[in-house]
Amino acid sequence: MSDPLVIARGVGKKFPGGVHALADVDLTVERGQFAAIVGPSGCGKSTFLRLVAGLDEYTAGELTVDGDVPLHARRRRRDLAYVFQDATLLPWRSVRRNVGLPLELRQQSDEARIDEVLDTVGLSEFADALPAQLSGGMRMRVSIARALVTQPGLLLLDEPFGALDEITRQRLNEELLRMWERDHWTGIFITHNVYEAAFLADRVLVMSARPGRIVADIAVPFQHPRDADLRHQPDFAKLARDISEQLGRAHS
Amino acid sequence: MKAMCYLFSSLLLLACGGGETPPPTEGGTARVRLALNWFPEAEHGGFYAAQIHGYYAARQIEVEILGGGPDAPVIQRVATGAVEFGVTNADDVLYARAQQAPVVALMAPYQINPRCIMVHASSGIEHIEQIRDITLAMSQRPAFSHYLRWKYPLEGVNIVPYPGNVSQFLANPNFAQQGYVFSEPFVARQQGGNPRALLVSDIGFNPYASVLIATEETIGQRADLVRAVVEASIQGWEHYLRDPQETNRHINSLNPEMGMDILDYGAQESQSLVLDSVASDKGLGHMSAARWSELRQQMVEAGLIEANSGDAAEAFDAQFLR
Amino acid sequence: MNARTLIKQIGPPLFFFAFFILSWHALVELFDIPPYLLPGPPRVADAVSAHAARLVDAALLTAMGALSGFALSFAFGFAIALLFSQSRIIERGLYPYAIFLQTVPIVAIAPLIVLWIGYGLQGVVAVSFIISLFPIIANTTAGLTQVDPRLLDLFALNNASRWQILFKLRVPNAVPNMLTGARISSGLSVIGAIVGEFFAGYGTDDFGLGYLIIQTSGQAKTDYLFACILFCTLLGLAIFSTVGLVSHLLLRRWGGA
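Protein chains in written order, with the working numbering: chain R, 5 to 256; chain L, 2 to 323; chain S, -19 to 237.
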C-alpha cells in the first residue's frame, strides 16, 4: 500500500547559529516498515529524527507524519515513542515507574501492560530497582520497554545501542527485531553500524555528510522472521559491504 | 559574634606581648592612648578639654584619645596593655575585677551617674518605682538594668533591647527607655516629644561614671605618668565645665551626629552632676571607699557578681587625687 | 549500624574534640591567661553546670526561633523558586533582590526588621527567616531549571502539560539541590535567631542565647559567655545534623545518575 506514514520532500534544517544540518532530504517510510538511516558522524541523522518527532522545526521543504505537521501529528495520534542514545531514565524512579511514565502522562494506568513489557525485555525481576543499580544494557532495555508500553504506532530510535558492547548489542538487536515482528510498528532506526542496519531493517537509507541528504536507498531482501544465523550468511556480508561502499562515498 | 572577635583579638594582642614596653618617648614626651567607652560625647568632655587645651602637653604627655562605640572593649584593651588608659563606668570596673582583670579606677568625674529612664510626661510616672504596664527598652549589658529589675516588681512591663535612638519612644506613648539625662531627653524634646527623665541614681544605685582606669601594672611601674594624666584630666574637666565651647567644637568634628546644641546642653547639665557638694568639698574626681563598697554590695545582692569576687577597696586607687 | 561503623563515624570528631580541649587547657595554663580574656575548659564547665537550667531554656527558645525561621524560609523559598522556574521575566526581574538578601549585612537590617515586625519571637523569627531565605531560593531555582534537556524532550514527546513537567520532572530533579540549600540555611537560621535576639529580645523573663550573649559579654563574664557559645554551637550542630540526616535518607533514592 502506498500511504506512507512519514514523507520528507526537500527537507532542510539550518540552526540559528549558522549550522546547516540538513539539505534537501527526500524519503518516505511506509506504515509498518522498519527503516534504518546510516551516515557519517555529525551528518544530521539525529537532527532529522528530532524533526520527525516534532522536537524541532524544519526550515525548508516539507515534512509530514500521517499527513500532518509532525508536532500536530504527535499531539493528535499520541502514539509516538522515542528511544534516545542514553537510556534517559528518571533516576529517582524505580524501573516500573519509569516504564509507566508515558501512561502516567496520558493519565492512564495499566499495571498489566507494564508487567508485560518488562517481561518482554526480560527485566521482571528488577521492576523495583533504581536505575543506578542497573548496568548500561539493562537501563537501555528499560528505555525500550518504556517506549513500547503505550503500543506506539511510530517508534524512533537514535543509536540506542551505541554505548554497549558487541554481545549485548547483538542480543538487544534480536530482541528488538522480535518485538517488531510481533507488533509491526513503523520504525526509524539511526546507527553507525551497517551490520546492525542490515540485520534489523527493511530499508537502509544512507545519508551524506553535513549538510545531510539521502544519497542511497537500499532494500534489504531478507525475509522475516530473522535470527542470529543471518549474520553468518554470505548475502548478509555482501549487503553490508554494499552499504559500506555507499557510506564511504557519503563520507566525501 | 562581636564578643568572640574582641576576645580573640585581645588574645592575639596578649600573645603578641600584652605587657609590652611602653611606646617610644620622643625627647621626653610620653605618648599614651586613652580609650573611650562610647562615641565622643559630652560625657567625655573633660578628657578632650585636657587634650586640646594643652593640660597633658604641659606635663610632657601626648594623649591619643580613641573613640569607642557600642560594645567598645575598653576593659580588655586596658587590661591587655593595648592602651594605657580607658574610660568606663564603676560597675564595669567591678565586673572586670570579678573576672580577675587587673584594672583600677583613678578618678571619677561624675559623682552623680547621668543614667536615666526616660518616660512620657503623659504616662504620669514620676518615680522609677511607679513604672508598670509599659514597654521599657534597656540594655542588659550595664548593671543598672538588672538592678532595677531585681529591686522593683515592674509589673506588666515588657522589657526590650535598647534601640540606640528615640524613634520608638516618639512613636509609642506607652514606651520608655534608658538614656543619659542630658542626651536622649534633649533629642526627644527637639523632635516634638514631651519626655520626663527619671535619674536612676534617685533609687540609690549610683555608680561613678566616665571613670578613668589603668592597670595595676601601669600604676605600679609608671606612677609619675599616671599622676600626671590624672591631674591633667581633672584640670581638663574643670576647664570643660567652665568653658566648653572649643572642646565641643572639637567633639562635634569627631562625631558629627552630636550637634553643638546637644553638646552645649550636655556640658551645662554635667556641672551639677560633676561638681556636686562632695566634689566641691573634696575635689573634682573624688572617689570614696564607702561608695565603692556600697556599689559592690548592691551588685552582689542583685546577683550580678559573686560575693567572694574581690575587695571593693582594690577596685580604685585614690592616691593621685587631692 | 554496627559498633565498628559507629566508632568510625564518631571516632575522628571525638578525637579532635578531645585534642582541641586539651590544647585549649594547656594554652590557658601555660600562658597563665586570665579568665576575663580566655577562660579555660574547667571554668567553662563550671559555668555550664552553674547555669545549666537557664542555658537549656535559652537554647530551646532560640531553637524555636531558628526552626520557625528555617521552616518559613523553606516554604517561601520553595514557592518563590517555583515562580522563578515558570517565568524567565520574573526570574530576571526579581533575582537581584534575592541576591540582596544574601549580601546585606544582617546586623544592619535586623533593627529595621524588628521595628517593622515587632519585638519578641516574631522579630526573632523574621530575622532568622530573612537570613535563611536566599540559599533556598538559589539552590531550588537551580534544581528546577537545570534539567537534563533529554528529559525535557522525553516529557515533550509524551505531550506533557506544564504542570506535569513541573511536578513530575522539575520538582523531583530539584530535591538534591533543595537539600543542599536546606543544609546551608539550617546553620544560617541559628545565626539569624541569635542576631535577631540581639535586637528583638524577648520579654521580661524569657530570653534566648542571643540575649545571654549580650548580657554576659557586657558583664565581662567570659566563662558564662563561652558556655553560651558552646550551647549555640551545639544548637547549630543539632539542627544541621538533623537536616543532614534527613538529606542523607532522602538522597539514597536520588543518588547516582
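Bear in mind the hints are in silico, worked out from the structure with no lab data behind them. From the three backbone atoms N, C-alpha and C, an ideal C-beta is built for every residue, glycine too. Certain hints may be false.
[As the list claims (entries may be wrong)] According to the in silico footprint, chain S covers these stretches of chain L (three or more CB under 8 angstroms from chain S): (1) 70 to 81; (2) 85 to 98; (3) 140 to 153; (4) 161 to 173.
[As the list claims (entries may be wrong)] Looking from chain S toward chain R, a few residues come up when the C-beta cut is under 7 angstroms (computed): (5) A30; (6) R34; (7) R130.
[As the list claims (entries may be wrong)] Just a sample of chain S residues kept apart from chain L, beta carbon distances all over 10 angstroms, derived: (8) N(-18); (9) Q(-11); (10) L(-6); (11) L17; (12) L40; (13) M44; (14) A59; (15) L63; (16) Q82; (17) L95; (18) Y99; (19) N153.
Status of the hints after comparison with the structure:
no.	hint	verdict
1	70 to 81	holds (count 5)
2	85 to 98	holds (count 3)
3	140 to 153	holds (count 6)
4	161 to 173	holds (count 6)
5	A30	violated, 51 angstroms
6	R34	violated, 46 angstroms
7	R130	holds, 5 angstroms
8	N(-18)	holds, 39 angstroms
9	Q(-11)	holds, 29 angstroms
10	L(-6)	holds, 24 angstroms
11	L17	violated, 6 angstroms
12	L40	holds, 19 angstroms
13	M44	holds, 18 angstroms
14	A59	holds, 32 angstroms
15	L63	holds, 35 angstroms
16	Q82	holds, 20 angstroms
17	L95	violated, 7 angstroms
18	Y99	violated, 4 angstroms
19	N153	holds, 38 angstroms
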